[in-house]
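Student: According to our numbering, the residues represented by the sequence shown are 681 to 822, in order.
Errors might be hidden in some of the hints.
[Said to hold, decoys possible] Cut-off 20 Å, straight-line C-alpha distance, at most; resulting in silico cross-link-like pairs (DMTMM-like, lysine to aspartate or glutamate):
(1) K719 x D747
(2) K768 x D747
(3) K719 x E763
(4) K819 x E763
(5) K819 x D776
(6) K693 x D776
(7) K819 x D786
(8) K693 x D747
It is worth saying that the hints were derived from the structure and are not from the lab.
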Amino acid sequence: MQNLIDCLLAFAKQHQINVILSTTMSPNTPPAANPALNKVLINLNWPNQNQIAFQLAHELGHVLNNDAGILYGCTQASHNSIEFAASKRGIQLLIDLYFADIAVSDANSARFIHQLCIPSYLVNFTETQIRQHYETQLKQVD
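Taking the hints into account, I'd like the entire structure generated from these sequences.
Tutor: Below is the structure:
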């Protein structure tokens with residue numbers, strides 16, 4: 681898992697996104713992103729350490745999507761849409777990194793979903809993206 685987090689941190693650095701890894705926050709403090717400043721804050725005291733890679737990818741998704749930093753005045757529906765888009769972007773990033781050196785015959789979407797604590801509402805999207813990842817790779821080989 682640490683290798684995946686290191687890959688995400690390298691990706692962030694390459695895209696000039698400043699990631700702050702905090703060990704001083706309460707375990708209940710969620711991660712955050714400020715796309716206007718290209719900054720992401722990750723709480724390393726989070727109770728479920730297996731969620732940190734997905735959280736980091738999700739917050740990077742906010743920056744990459746150039747989302748509004750503070751969602752005052754937006755409806756719940758638009759807030760949910762922004763969060764879903766950040767999760768989708770994060771999952772796509774995780775898939776590209778996680779499966780980069782894994783042959784299609786060894787790919788295991790259930791393991792990926794379980795190890796990274798992907799929320800249940802994103803499972804179908806995740807499985808579809810993993811299939812598309814390998815379909816794209818196979819097309820490039822042809």
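Student: Does each hint hold? Answer for all of them.
Tutor: Okay, the hints, checked on the actual structure:
{"no.": "1", "hint": "K719 x D747", "result": "12 Å, holds"}
{"no.": "2", "hint": "K768 x D747", "result": "13 Å, holds"}
{"no.": "3", "hint": "K719 x E763", "result": "17 Å, holds"}
{"no.": "4", "hint": "K819 x E763", "result": "31 Å, violated"}
{"no.": "5", "hint": "K819 x D776", "result": "16 Å, holds"}
{"no.": "6", "hint": "K693 x D776", "result": "17 Å, holds"}
{"no.": "7", "hint": "K819 x D786", "result": "18 Å, holds"}
{"no.": "8", "hint": "K693 x D747", "result": "19 Å, holds"}
When the structure is compared with the earlier hints, a violation turns up for hint 4 alone.
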